[in-house]
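Colleague: What follows is each chain in one-letter form.
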Amino acid sequence: MSRDELSAQQLAELAALDRILAREPVGEEHLELAALVDSVRAGAPRMDGGFAARLDATIAQRVAGSGARRARLPRLSPRRFAFAGGGLVAAAVALTIVISGGLLNSREPNFSPPATSGPRLASPSAAGHARVVAPTATFGATASPAPLGASGASNSATSVTPSAHGRLVQRGSTLTLATTPATMQAVANRVVAATERQGGVVESSNVEIQGSASYASFSLAVPSGRLGSLIATLSGLASVRALTQSTNDITDGYNQETARLADSVAERAALLKQLAVAATAADATSIQNQIDALARRIAAEHRAIDRLLNEGHTATVQVNVVPGASTRHSSAGGPLSRAFHDALHALEEILAIALIALAIVLPFALCALALWWAATSLRQRARERAMRTA
Amino acid sequence: MTAIATLPASGPGPREQFEALYRSSAADIYAYVASLLRDRTAAEDVTSLAFERAFRRRALFDVHRGSARAWLFAIARNAALDELRRRQRSGALRHDVADDSAQPEEIDSDLAERRLLVRDGLATLEPPEREVILLKFVGRLSNAELGRVLGCSESNAGTRLHRAIERLREACGVTR
Chain A
1 MSRDELSAQQ LAELAALDRI LAREPVGEEH LELAALVDSV RAGAPRMDGG
51 FAARLDATIA QRVAGSGARR ARLPRLSPRR FAFAGGGLVA AAVALTIVIS
101 GGLLNSREPN FSPPATSGPR LASPSAAGHA RVVAPTATFG ATASPAPLGA
151 SGASNSATSV TPSAHGRLVQ RGSTLTLATT PATMQAVANR VVAATERQGG
201 VVESSNVEIQ GSASYASFSL AVPSGRLGSL IATLSGLASV RALTQSTNDI
251 TDGYNQETAR LADSVAERAA LLKQLAVAAT AADATSIQNQ IDALARRIAA
301 EHRAIDRLLN EGHTATVQVN VVPGASTRHS SAGGPLSRAF HDALHALEEI
351 LAIALIALAI VLPFALCALA LWWAATSLRQ RARERAMRTA
Chain B
1001 MTAIATLPAS GPGPREQFEA LYRSSAADIY AYVASLLRDR TAAEDVTSLA
1051 FERAFRRRAL FDVHRGSARA WLFAIARNAA LDELRRRQRS GALRHDVADD
1101 SAQPEEIDSD LAERRLLVRD GLATLEPPER EVILLKFVGR LSNAELGRVL
1151 GCSESNAGTR LHRAIERLRE ACGVTR
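Respectively, the protein sequence lines represent chains A and B. The first sequence begins at 1 in my numbering and counts up by one. The second sequence begins at 1001 in my numbering and counts up by one.
These aren't lab readings, by the way, just hints derived from the structure by calculation. What you are looking at is a predicted structure, and each value in this text was computed from that prediction instead of being measured. Some hints here could point you the wrong way.
[Unchecked claim] Far from chain B by the CB rule (all over 12 Å, computed), these chain A residues:
| hint | residue |
| --- | --- |
| 1 | Ala22 |
| 2 | Ala64 |
| 3 | Leu95 |
| 4 | Thr389 |
[To be verified] Derived CB-CB ranges, DEER-like:
| hint | chain 1 | residue 1 | chain 2 | residue 2 | range |
| --- | --- | --- | --- | --- | --- |
| 5 | B | Arg1053 | A | Glu349 | 40 to 50 Å |
| 6 | A | Ala60 | B | Gly1173 | 42 to 52 Å |
| 7 | A | Gln380 | B | Asp1045 | 26 to 36 Å |
| 8 | A | Leu378 | B | Asp1108 | 27 to 37 Å |
| 9 | B | Leu1116 | A | Ala365 | 49 to 59 Å |
| 10 | A | Glu384 | B | Leu1060 | 20 to 30 Å |
| 11 | B | Thr1124 | A | Ala91 | 55 to 65 Å |
| 12 | B | Leu1117 | A | Val26 | 32 to 42 Å |
| 13 | A | Val26 | B | Asp1062 | 53 to 63 Å |
| 14 | A | Leu336 | B | Leu1060 | 17 to 27 Å |
| 15 | B | Thr1124 | A | Asp48 | 38 to 48 Å |
| 16 | A | Ala91 | B | Arg1053 | 29 to 39 Å |
| 17 | B | Asp1045 | A | Leu371 | 47 to 57 Å |
| 18 | A | Asp342 | B | Asp1062 | 41 to 51 Å |
The beta-carbon is built from N, C-alpha and C at its ideal position, and this holds for glycine as well.
Using the sequences plus the hints, can you model the full thing?
Modeller: Written as structure tokens, this is what we have:
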């Protein structure tokens, strides 16, 4: 039998005690206990009349004063408050995890296509391949080829000139989209349509619809000024897996070609003057042969300049569409969908901030709770000690 | 067993509930506190303080943790023990409980002698034993409530109670 276990007789006596205190009848064997209870209660100290009256008045005043002052709002007990608080915190944390997890899982590589209206002009140091350059300027529509950076020089050999900022940049992009095999053909059709809407052409394409091995690739050429909007449109057709953009500064080559052309033109002018004053037929024939050769060279230099200008004017886009889970469809990109995603994102941010705040507050709260618990325990032990030594 | 089983923090008549609790418990609270402190003045102060605290904290009362009467006795007990600690620190212990015992009644001499015997016997018990007797006999708490007030289990409260009764019987020379 443990220390707290009572015998059946003792338990019966305690049960009888409860009946005595409830003024219920008990058996004869418990009459002695009833007499003991009566004696203890009768011998207990009693309030004197004066104190009882004062206490009555105090309580009446306190209760009446409370009712007159304000109607108290229902208050939560500490346990309910702890349950409610804990529940709210747990719900917030769970919601944050669910939303964050969901968004993170569904988030594809989010490359914002550059919003540009024209070919980008890279700084000289950015010549060669680079990821993305900041938009700076657009090409003009009409001008003459002139060495870039030499403002004011003009030549009527071509109708296009690099921008006033003086750099001619060749641009290219590679975009990889993922969509389900079932929508592969539809996405491919939209790639072509989007390219044509932007004034571009599909230089080559390869579309294979074979279930999970479906694949589509396109080589597109689009005016540099519309590259940004084309990338933006294509990015909305399916999930963007990768986007690479490159730039190549071809200004030096262009300048060399225009300088060479200017020399040739000047040389031809000189030859034409010599031809006009040729003394003999042999001299005239020789000069004419030189002029003809020079004309061929000038034509070749014109073609080279045109090619360079075309490279700067037309951006190439390589689009690969691969099978995969698509979370973005062109039909799902409406304002409502965007608003929903924005709202989710905002909620995620708010919950993240709340989580951070909780992470800061929680240790302090736990410390305070531990201190409160320790202080309460110590105080209670001190009270018990006071009882024992009274 | 108790006049007031619950003390709702809100709803119809919480003030009336508190007043009813006060009316049904005030005399017992005073008796319990005075027996613990054995000081009439201090018992009055502590009784007032206990009701003041109970009124202030009435919204924190949780019906699931016992009756309002048990909750009130726990408050009174803490207030009384705090008073004991304060007096022990200042060395101001007083024992004048004999002055605030029950008023004489028209009873036969045997009964009066027995009550005197029990009162003296109760005074010889250890304070924790005396307290458990008072909480049970005067406070009329159930054993579960007794355990909650004393900070022990219900079965342990029952054991302590039975042991205290046995000691009281021995102190009074009662034979069964």
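Colleague: Decide, hint by hint, whether the structure agrees.
Modeller: Hint check:
no.	hint	in the structure
1	Ala22	violated (5 Å)
2	Ala64	violated (8 Å)
3	Leu95	holds (29 Å)
4	Thr389	violated (7 Å)
5	B/Arg1053 <-> A/Glu349: 40 to 50 Å	holds (45 Å)
6	A/Ala60 <-> B/Gly1173: 42 to 52 Å	holds (45 Å)
7	A/Gln380 <-> B/Asp1045: 26 to 36 Å	violated (21 Å)
8	A/Leu378 <-> B/Asp1108: 27 to 37 Å	violated (51 Å)
9	B/Leu1116 <-> A/Ala365: 49 to 59 Å	holds (56 Å)
10	A/Glu384 <-> B/Leu1060: 20 to 30 Å	holds (23 Å)
11	B/Thr1124 <-> A/Ala91: 55 to 65 Å	holds (58 Å)
12	B/Leu1117 <-> A/Val26: 32 to 42 Å	violated (22 Å)
13	A/Val26 <-> B/Asp1062: 53 to 63 Å	violated (33 Å)
14	A/Leu336 <-> B/Leu1060: 17 to 27 Å	violated (48 Å)
15	B/Thr1124 <-> A/Asp48: 38 to 48 Å	violated (26 Å)
16	A/Ala91 <-> B/Arg1053: 29 to 39 Å	holds (34 Å)
17	B/Asp1045 <-> A/Leu371: 47 to 57 Å	violated (30 Å)
18	A/Asp342 <-> B/Asp1062: 41 to 51 Å	holds (44 Å)
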